[in-house]
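There are 2 protein chains.
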Amino acid sequence: MAPHGDESSDVAQSESRRPISTVVFIIAMQAEALPLVNKFGLAEDTDSPFPKGVPWVRYHGSYKDLHISVVCPGKDGALGVDSVGTVPASLITYASIHASQPDIIVNAGTCGGFKIKGANIGDVFLVSDVTFHDRRIPIPVFDLYGVGHRQAFSTPNLLKELNLKIGRLSTGDSLDLSTQDESLIIANDATLKDMEGAAVAYVADLLKVPVIFLKAVTDLVDGDKPTAEEFLQNLAAVTSALEETATKVINFINGKCLSDI
Amino acid sequence: MAPHGDESSDVAQSESRRPISTVVFIIAMQAEALPLVNKFGLAEDTDSPFPKGVPWVRYHGSYKDLHISVVCPGKDGALGVDSVGTVPASLITYASIHASQPDIIVNAGTCGGFKIKGANIGDVFLVSDVTFHDRRIPIPVFDLYGVGHRQAFSTPNLLKELNLKIGRLSTGDSLDLSTQDESLIIANDATLKDMEGAAVAYVADLLKVPVIFLKAVTDLVDGDKPTAEEFLQNLAAVTSALEETATKVINFINGKCLSDI
Numbered sequence: 002m003a004p005h006g007d008e009s010s011d012v013a014q015s016e017s018r019r020p021i022s023t024v025v026f027i028i029a030m031q032a033e034a035l036p037l038v039n040k041f042g043l044a045e046d047t048d049s050p051f052p053k054g055v056p057w058v059r060y061h062g063s064y065k066d067l068h069i070s071v072v073c074p075g076k077d078g079a080l081g082v083d084s085v086g087t088v089p090a091s092l093i094t095y096a097s098i099h100a101s102q103p104d105i106i107v108n109a110g111t112c113g114g115f116k117i118k119g120a121n122i123g124d125v126f127l128v129s130d131v132t133f134h135d136r137r138i139p140i141p142v143f144d145l146y147g148v149g150h151r152q153a154f155s156t157p158n159l160l161k162e163l164n165l166k167i168g169r170l171s172t173g174d175s176l177d178l179s180t181q182d183e184s185l186i187i188a189n190d191a192t193l194k195d196m197e198g199a200a201v202a203y204v205a206d207l208l209k210v211p212v213i214f215l216k217a218v219t220d221l222v223d224g225d226k227p228t229a230e231e232f233l234q235n236l237a238a239v240t241s242a243l244e245e246t247a248t249k250v251i252n253f254i255n256g257k258c259l260s261d262i
Numbered sequence: 002m003a004p005h006g007d008e009s010s011d012v013a014q015s016e017s018r019r020p021i022s023t024v025v026f027i028i029a030m031q032a033e034a035l036p037l038v039n040k041f042g043l044a045e046d047t048d049s050p051f052p053k054g055v056p057w058v059r060y061h062g063s064y065k066d067l068h069i070s071v072v073c074p075g076k077d078g079a080l081g082v083d084s085v086g087t088v089p090a091s092l093i094t095y096a097s098i099h100a101s102q103p104d105i106i107v108n109a110g111t112c113g114g115f116k117i118k119g120a121n122i123g124d125v126f127l128v129s130d131v132t133f134h135d136r137r138i139p140i141p142v143f144d145l146y147g148v149g150h151r152q153a154f155s156t157p158n159l160l161k162e163l164n165l166k167i168g169r170l171s172t173g174d175s176l177d178l179s180t181q182d183e184s185l186i187i188a189n190d191a192t193l194k195d196m197e198g199a200a201v202a203y204v205a206d207l208l209k210v211p212v213i214f215l216k217a218v219t220d221l222v223d224g225d226k227p228t229a230e231e232f233l234q235n236l237a238a239v240t241s242a243l244e245e246t247a248t249k250v251i252n253f254i255n256g257k258c259l260s261d262i
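Protein sequence lines, in the order shown, are assigned to chains A and B.
Mapping of the first sequence onto this note's numbering: residues 2 to 262, in sequence order.
Mapping of the second sequence onto this note's numbering: residues 2 to 262, in sequence order.
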């Protein structure tokens, strides 16, 4: 029950009753982002809202009644590979919230899945909640801070309408899986493993912006193929499945209020 | 040799020839920061330059000819512990550069040290260069991106004058040490282990701000005591050694140009 006479709660309620206007996608790899950029007819910013010299890329435009941005951390200046992982993801989430004041953030991307928890290659999951599995701080309370458990914004109607699979996501900065990572992922009871989600959730929580996660399974962590090989092999096909689901999500969101999704 | 007629190089040269005016300290724990805040007579901002709601704390003031800020990520909103680790450190580095446009960043804090590499409890090191040890991405080039090797700003005169120990720092988000972390720290040939340095270096490099690192050893990673216990036991005494060295560094920097330190 909402407290009576709470001004900030009234503001939050009236906010949640106007249609969603601005959506920011945070996507780590440009190969994951481009199908969405093309689908929504977005164009790369000519006048970037980000500081000079950063490799961050924002694609921007209108699709139906929505202002949509797709923001990627871009290519590492020295090495030319996508700037994957929690640090670039947290920075672009912070800078994108500042630049676009979105009503909702969608962190979309590929991930590893656990077949023992029901994940298959090509599945696109809506994430229920997130944790970290590589921030071990064995001091009371700091241990919980390290795990960093956070709920995704609750979207019961979206979940039902699109008939998506739902599961917990655990985040770490490694593509491979150490013994300790595996123990913590099991302790976290996660179905999915990625390299950005919990960091995006952290920043969205800091700045009080609702965030949801669409994660498409490129590799089975508990399967029998090497992760890097399976990831690269499935990237293109799974990215296409991700684009399809993200389009359905955007079509569902269009014209609705936060409280209706 | 600098290229002739390169305008940006000329600007950089003239920048490096005016005295350093603004210094930002990035410090993860308030217990590490407060001795410096008191020493330099800084006051907490009443009108924070940071977004509403974030726990980040900036202490600010003038000391000799310098504008000094000490910025901490503050206490986690839900759990009340210091917001340690790479994600908050990268965010406050980014936001502090935006707010203060510093001439130089100093990332100061406690760390673990390897006695086999010459570290002792209470030593304060100047860091030569940084790496990550918990970003394993076994795909060519991505592997190097994960390690994220970066040089600290070169300060040969400071090093000589203050007679500091120098060593490589490796960063990860865990206080403990997994087998994989240990292998990578050894592969990285690091003397010191912390939870923020390489992330601060990453952001400083993105935004082209010189950064140096002062790291004081609270625990021996290859010693015989449990890390968390040794860390908590030595925190107060080692923080005092850190304050003493940071004061010497500031006194040395005062009145000098970047190219003279």
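FYI, nobody ran anything at the bench for these hints, they're computed from the structure.
Be careful, since some hints might not be right.
Since copy identity is lost for identical chains, a pair holds within one copy or between any two.
EDC-like cross-link-like pairs, simulated, lysine to aspartate or glutamate; straight-line CA separation at most 20 Å [claimed, not checked]: (1) Lys-249 to Asp-225; (2) Lys-76 to Asp-144; (3) Lys-65 to Asp-48; (4) Lys-76 to Asp-130; (5) Lys-53 to Asp-206; (6) Lys-161 to Asp-223; (7) Lys-161 to Asp-144; (8) Lys-40 to Asp-77; (9) Lys-76 to Asp-48; (10) Lys-65 to Glu-231; (11) Lys-166 to Glu-230; (12) Lys-249 to Asp-206; (13) Lys-40 to Asp-261; (14) Lys-166 to Glu-183.
Taking the hints in turn, this is what the structure says about them:
1. Lys-249 to Asp-225: This pair counts as neither: shortest intra-copy Cα distance 32 Å, inter-copy 56 Å.
2. Lys-76 to Asp-144: between (33 Å within a copy, 14 Å between copies)
3. Lys-65 to Asp-48: Answer is neither: 23 Å inside a copy and 40 Å across each miss the 20 Å cutoff.
4. Lys-76 to Asp-130: neither (28 Å within a copy, 22 Å between copies)
5. Lys-53 to Asp-206: For Lys-53 and Asp-206, the Cα distance is within 20 Å only across copies (12 Å; inside one copy 27 Å).
6. Lys-161 to Asp-223: neither (28 Å within a copy, 53 Å between copies)
7. Lys-161 to Asp-144: Answer is neither; intra-copy 35 Å and inter-copy 40 Å both fail.
8. Lys-40 to Asp-77: Result: close neither inside a copy nor across copies, 26 Å intra and 39 Å inter.
9. Lys-76 to Asp-48: within (18 Å within a copy, 36 Å between copies)
10. Lys-65 to Glu-231: Intra 36 Å, inter 59 Å, cutoff 20 Å: neither.
11. Lys-166 to Glu-230: Neither way: Lys-166 and Glu-230 sit 25 Å apart in one copy and 43 Å across, limit 20 Å.
12. Lys-249 to Asp-206: neither (25 Å within a copy, 39 Å between copies)
13. Lys-40 to Asp-261: Neither: 25 Å inside a copy, 54 Å across copies.
14. Lys-166 to Glu-183: Neither, since 22 Å and 37 Å both go past 20 Å.
Hint check: violations occur at hints 1, 3, 4, 6, 7, 8, 10, 11, 12, 13, 14; the rest are consistent with the structure.
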